[in-house]
Structure formats: C-alpha cells, structure tokens
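Enquirer: Let's have the full structure, built from the sequences with the hints guiding it.
There are 2 protein chains.
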Amino acid sequence: MRILGIRDIAVPMGAPMRNAVIDFSKMTVSAVAVITDVVRGGEPVVGFGFNANGRYAQSAVIRERLAPRVLEAPESHASADGTTLDPRAIRRLMMRNEKPGGHGERAVAVAALDIAVWDAAAKLRDMPLWALIAEDAGNGAPERGIPVYAAGGYYDPDKGADGLVAEMQRYLDEGYTQVKMKIGGATLDEDLARIEAVLTLLGGDGSRLAVDANGRFDEEAALRYGEAMSAYGLAWYEEPGDPLDFSLNAQVAAAYPGAIATGENLLSLQDARNLLRFGGMRPGLDFVQFDPALAYGVGETVDIVAMMAAEGWSARRFLPHGGNLLALAAAGGLSLGGCESYPGVFQPFGGFADDTPVEDGRVRLGDAPGAGFERKAALRDLLRTLL
Amino acid sequence: MRILGIRDIAVPMGAPMRNAVIDFSKMTVSAVAVITDVVRGGEPVVGFGFNANGRYAQSAVIRERLAPRVLEAPESHASADGTTLDPRAIRRLMMRNEKPGGHGERAVAVAALDIAVWDAAAKLRDMPLWALIAEDAGNGAPERGIPVYAAGGYYDPDKGADGLVAEMQRYLDEGYTQVKMKIGGATLDEDLARIEAVLTLLGGDGSRLAVDANGRFDEEAALRYGEAMSAYGLAWYEEPGDPLDFSLNAQVAAAYPGAIATGENLLSLQDARNLLRFGGMRPGLDFVQFDPALAYGVGETVDIVAMMAAEGWSARRFLPHGGNLLALAAAGGLSLGGCESYPGVFQPFGGFADDTPVEDGRVRLGDAPGAGFERKAALRDLLRTLL
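Residue numbers (the working numbering), protein chains in the order written: chain A, 1 to 387; chain B, 388 to 774.
FYI, nobody ran anything at the bench for these hints, they're computed from the structure. Beta carbons are placed, not taken as given, at the ideal position from N, Cα and C, and that holds for glycine. No false leads were mixed into what you were given.
For each label pair, taking beta carbons as the anchor points, the in silico distance ranges come out as:
1. A:M95 to B:A696: 32 to 38 angstroms
2. B:R389 to A:P357: 49 to 55 angstroms
3. A:A221 to B:D468: 29 to 35 angstroms
4. A:P357 to B:L774: 54 to 60 angstroms
5. A:A141 to B:A696: 50 to 56 angstroms
6. B:A615 to A:R380: 54 to 60 angstroms
Expert: So this is what it looks like as structure tokens:
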C-alpha cells in the first residue's frame with residue numbers, strides 16, 4: 001500500500017467578483033491527484049484534493065517540497081494494518097525540513113495534497129470521507145443534514161441594490177434560508193442601504209443575514225460599522241479587521257452586541273488557538289471560520305476542533321469557509337455548526353454533489369466513497385484531466 | 388523613472404548543517420534583480436535582493452503574482468520628485484489582490500523583491516541603504532559600528548564537544564566576542580555538557596553565549612531547559628517553543644530569569660505585534676529577532692520598529708535574524724541592538740563586505756551605494772548572473 005504518484009494542475013477560478021479587499025479575476029486554485037498502487041475494477045484508486053479560493057494555486061510548493069518528500073518514503077504511507085493510507089504519517093513527511101511558524105502558502109499547498117490523501121484513504125476503506133473523519137475524531141453520531149448558508153453579495157459596479165436583492169432572491173429560490181453579503185467596499189451609508197434592502201427581502205429577520213467586511217476596517221471603522229448595524233440583529237458580523245489584529249477583534253467583540261465571526265485567514269492550528277486565547281471571542285455567541293482547504297487540510301481541522309474543546313468552545317461554533325464538498329465532509333464528520341456555500345461561483349470547485357440539492361437550508365451528506373467529488377459532474381470532469 | 392524588468396533565480400544554499408528541527412542540505416534562496424530605466428556609466432542601475440535562509444526560494448510567487456503586478460503599473464514606480472524609486476508604492480503594487488493574514492511564503496517573496504527595490508532606490512540616490520533607511524525612519528544619528536554575534540554550533544554527528552569548542556574558538560579568532568549555539572537536538576544532559584564546554588572557552592562568561600532551541604520544545608521541555616540553564620547567565624535563550632505559541636512563551640518568560648529571544652519565524656508586522664502584546668515578553672530584558680529578508684522586507688521592518696516604540700520597546704532589543712548585508716543595513720539605519728552573523732555558512736548570501744571584517748565584535752557600515760552587496764565578491768559574482 002503506497003502512493004505511486006502525485007500530480008497537480010493550477011486552475012483559473014474564473015470568478016469575476018470583488019470583495020472589499022481583492023478581486024478574484026486572476027485567482028487560481030491547485031487541483032491534486034494522489035495515485036495509489038491499489039487497483040480496483042482495472043483502475044488505480046485515486047484521491048483528489050484542491051485548495052479553497054483566495055490564496056492562489058501552489059504548484060511550486062507541492063512539486064518542489066511536498067511531493068518529493070512523500071514519494072521518497074513509501075514505507076511510511078500505509079496504515080498500521082496495511083488496509084489504507086495513513087494521512088497523518090504522510091502529512092509528517094510533507095512537513096520534513098519545514099520550520100515552524102509562517103503559515104501561508106505552505107498551509108494551502110499541504111491542504112490540497114492532504115485532502116487528496118484523505119480522499120484516497122476513505123476510498124480505500126470504501127467509506128465516505130465524512131464517516132472517516134468522524135471515526136478519526138471519535139465522533140460517534142454525525143447528522144446527515146448539514147446547515148449551509150449562501151455567501152454572495154459581492155460588489156459589482158453594474159449590480160446596484162436591485163441586483164443584490166435579485167441575487168439573494170435566487171438563493172432563497174434555490175433552497176437557502178440564510179444568506180451573506182459583502183460590506184466595506186462602499187460608504188457606510190451605501191452599505192446600510194444595501195443591508196436594509198436585503199433585510200426587507202428577508203421579512204426583516206436579521207438572523208437570516210450575515211455581513212462580511214473581509215478584514216478591511218481599521219479600529220475606528222470596525223466600531224462605527226458595528227454600532228450602525230447593532231439594531232439589525234444580524235446572524236454575524238464577519239472579519240471586521242485584519243484577521244491577526246486580535247486586539248481590534250477584542251474591541252469589536254466588547255462593543256458589538258451581536259455575534260462576530262472570523263478565522264478564514266488564519267491558516268494553522270496555532271493561529272486559530274491564538275484567536276480563541278487573545279481575540280476576545282465569546283464562546284457562546286461568536287463563530288470561527290477556519291478553512292480546511294487552506295489550513296493544512298483534514299487532520300489539522302480535526303486537531304483544531306480538539307483544541308476548541310480544550311479552550312471551552314463547542315464545535316457548533318465552527319462554520320468553515322470554503323463552500324465545497326470537503327468543507328461539507330468536515331462539517332459532517334466533526335458535527336460543526338454548518339458550512340459556507342457559494343452558489344454558482346468558484347466553479348467547478350464550489351458547491352456540493354449534483355444529487356444533493358439545498359433543501360430548507362441544508363445539504364445532505366452523500367454515501368459515495370471519499371469526499372464525493374465524483375458526484376459533482378463538472379468537478380469530476382476537471383479532476384479526471386489529472387489522470 | 389521606472390522598473391523595466393524583474394529577474395530571479397533559485398540558488399541552493401549548500402549548507403550541510405542541521406538544527407533541532409530541520410536540516411539545510413536542500414534549502415534554497417531566491418536572488419532577485421530589479422532593472423531600472425536609469426543608465427549610469429553605460430550600465431542600467433540595478434537593485435539586488437534575496438531572502439534569508441530557512442524558508443526556501445520563492446520563484447513562483449515572484450513570477451506569477453508579484454512581478455506582473457509591479458510591471459503592469461510603471462506609472463507608480465517613481466518617487467514624488469522623480470529622482471528615485473518609491474519602494475512603499477511598489478510594495479503596495481506587489482500586494483494587490485492579496486488577502487490579509489497567512490504570512491508565509493508571500494512574505495519571503497515580497498522581502499526578496501522589496502530588498503532589490505530598496506537597493507536600487509538607494510543606488511539611484513547614490514547613498515548607502517543604511518542611510519536611506521535611517522532617513523525613511525527619521526533616525527538622525529545612526530552609529531557605524533554594528534555589534535554582531537556568531538551563530539553556529541549546529542549539530543553534526545562527527546563533531547562532538549571538541550569540534551564545537553574548536554568552532555567557537557574560530558569565531559573568537561575571527562573577531563567575534565559573542566557566540567550562539569544550538570540546543571534541543573540532543574538530550575538535556577548532552578546539551579548542558581555542550582554548553583559548559585563552550586562556557587569554559589569563554590572564561591565562564593555566560594553573557595557571551597546564547598543558545599537556540601529553534602522552536603522545538605513543548606512547554607514541559609522548555610521550562611525544564613530553562614531551569615537547568617538558569618544559573619549560566621546566558622545572553623539569551625532563543626525560541627524555546629513554537630514561535631506562535633505565545634502562551635508557552637509567556638510561561639517561559641515568567642519562569643526563566645534571563646533574557647529570552649524569539650521572532651525570526653514571525654513573518655509580518657501583525658505577527659510581531661502579537662508577540663509583544665501576548666507573548667509575555669519583557670521590554671527591558673528580552674530580545675526580538677524578526678528577519679527583514681523573510682518578513683516583507685525593508686519597509687515592513689521600519690514599520691515594525693515604529694510598532695515596537697508604540698508598544699513600549701526600544702529598537703535596541705531588536706537583533707535581526709539573517710546574518711547578511713541587508714540585516715546589517717537595517718540594524719544600522721534603525722539603530723537596532725546589533726545583528727546575527729553566520730560565519731562561513733549560507734554562502735554567498737551570509738556575511739558582510741569583504742573590506743569590513745569583524746573587529747572586537749563589530750562590523751562597520753560601508754559607504755558603497757545601496758546595500759553594499761557588490762562589496763562581497765562571491766555574492767556580487769552570483770548576483771551578476773541575473774543580468
């Protein structure tokens with residue numbers, strides 16, 4: 001039982017949106033295939049992985065550092081009983097000769113490759129990845145219906161408030177019950193008008209709407225927006241300031257009465273732990289949004305949930321960033337509070353299986369072996385180009 | 388006034404040592420040239436840069452993300468008076484469409500390119516880089532003799548305590564007065580014997596010896612080593628634990644009576660600030676070691692020193708990691724407490740100008756325009772291969 005080959009491609013996201021900080025038109029993603037020496041039905045068992053949007057493809061780190069270290073140590077690939085791959089052992093190989101700290105592109109590259117290894121490991125066990133993750137984490141009773149929310153509301157010069165409301169209406173029509181929109185890319189007054197237009201669509205129920213500043217605000221603006229939005233009763237106020245400015249975050253948490261949410265740009269267990277220790281986050285109110293497909297992959301995410309428990313946090317406060325089948329599998333296997341979704345964008349990586357539509361704000365975990373990437377036809381077709 | 392081209396190469400370090408965490412035999416570094424449209428003496432004015440050791444070459448980030456963004460906006464390259472480049476404006480171009488947080492390989496790639504831009508900007512002003520940095524930071528009175536210490540004492544199966552003492556003796560013979568050695572790659576008893584052997588060479592003066600654990604220890608080991616070493620009166624105890632485990636760091640600081648030092652693996656202003664805010668660091672006793680050639684370059688380092696002042700820290704407590712001419716220029720221009728040196732290793736990037744030897748533990752800032760890389764023949768020869 002070993003990995004015979006590791007392949008990757010860099011794929012343009014083709015996503016013409018912008019948030020308050022970046023535009024996505026030049027964004028790329030790494031797709032990875034891990035080819036095992038196990039043949040079933042005349043085909044090798046292959047695991048697939050990719051990183052989430054926002055941090056660019058990582059071919060160089062994968063090809064120059066991670067893949068050679070894995071392939072030169074085939075004796076460390078198999079699980080103790082020889083029936084599958086050992087993803088944690090393979091992750092240790094990837095990190096040989098890597099210094100601690102500095103969790104950036106490396107975390108993204110490891111995530112893409114690690115996900116492919118876990119996908120292969122689940123397929124070799126002939127079980128869904130969510131079930132393998134649950135087993136790994138000792139989570140005996142995962143639920144099958146995972147809450148998802150529709151993240152959109154990007155800025156677009158041609159869209160206007162009418163276009164924003166029409167976009168949100170489409171999400172509701174597709175089965176979502178909770179939506180998220182961007183703020184911070186316009187003036188406060190313009191943003192408040194955008195928020196109120198969407199709230200009108202939602203019958204005034206703020207708990208069905210989250211807003212996302214993408215880390216743009218300084219302390220003064222973060223507090224000013226928080227004060228202006230406090231009466232709306234929003235689901236959460238996301239990334240008010242720089243994701244590593246824990247003091248700013250703590251000040252917003254002390255002043256804003258509703259939930260805040262952050263963490264998608266903290267790419268390691270160590271950074272995640274620092275947020276909980278120093279960011280003023282309130283365990284019974286706020287949300288964390290670490291992204292398994294940016295932050296070292298599946299094993300790190302299992303460890304993050306264990307760290308959260310040690311810091312007094314329920315896994316239900318964890319709503320992973322990413323909006324893809326891997327985040328869904330993690331949310332299922334670890335009984336997180338739900339996961340993000342980007343309806344129609346970041347394709348073909350974004351979204352879930354073709355046969356599990358959103359119904360009443362939830363997506364059902366599938367039964368396919370592995371992460372289920374093959375159950376999304378456009379994604380399957382892209383991943384097959386790696387073979 | 389604009390940048391016409393950006394070139395880079397990945398160079399093997401050829402450094403056969405190991406510390407407690409990694410070995411350096413496969414380490415690479417990016418060397419970068421920034422070619423301006425200004426011609427002097429028949430040659431274009433060119434700036435050079437490179438990243439420090441420990442984080443690998445970053446060709447992909449430079450070529451795919453940073454360089455295209457810089458080269459597509461030539462109207463933003465020049466300073467307001469048109470006499471030189473504007474490194475801060477060029478840095479903003481590099482960071483277009485980059486998300487906040489996740490400071491890893493990107494910080495290293497930006498550093499290499501940013502250093503080349505600052506080197507060119509200083510050459511265009513016909514002034515040494517240390518003087519340009521001093522001007523940028525409003526530091527009116529830089530001293531010319533910079534304290535340096537010899538960092539070595541790596542683990543080597545063939546070396547033994549005798550070899551370690553002989554190595555340290557060579558550093559003293561070369562003009563160093565303070566040395567640093569690795570710990571954490573052997574048992575505590577073995578490491579204490581190694582430390583005591585070097586202390587004997589130094590006449591028992593612990594203030595001339597620092598020890599470096601490279602972030603290897605968990606809390607228990609970090610405290611155990613600290614207790615065992617506390618009577619030696621060492622110059623400092625470096626990176627006891629994971630560089631982002633601020634709670635561990637604070638516990639060591641609370642228990643260990645001497646100075647601790649850390650920061651080389653914190654690759655941004657935000658991470659550096661978190662260390663000072665949450666790491667239990669003692670402003671009058673401990674040292675920080677952020678590396679300008681890993682952490683976004685020169686402008687970020689100027690900003691880090693300003694942040695330190697705002698947090699109540701003297702720049703004298705900052706001893707940059709890296710051991711090269713760029714770190715020396717930063718130490719000079721910002722009146723830091725000194726800088727690291729790796730005698731004979733990490734060549735040709737490590738070390739200082741051929742005509743400024745270490746004398747009585749100090750290296751003199753040179754008068755050559757720019758960072759002075761051309762005054763180190765082996766480095767000059769390598770950098771010229773970029774042209």
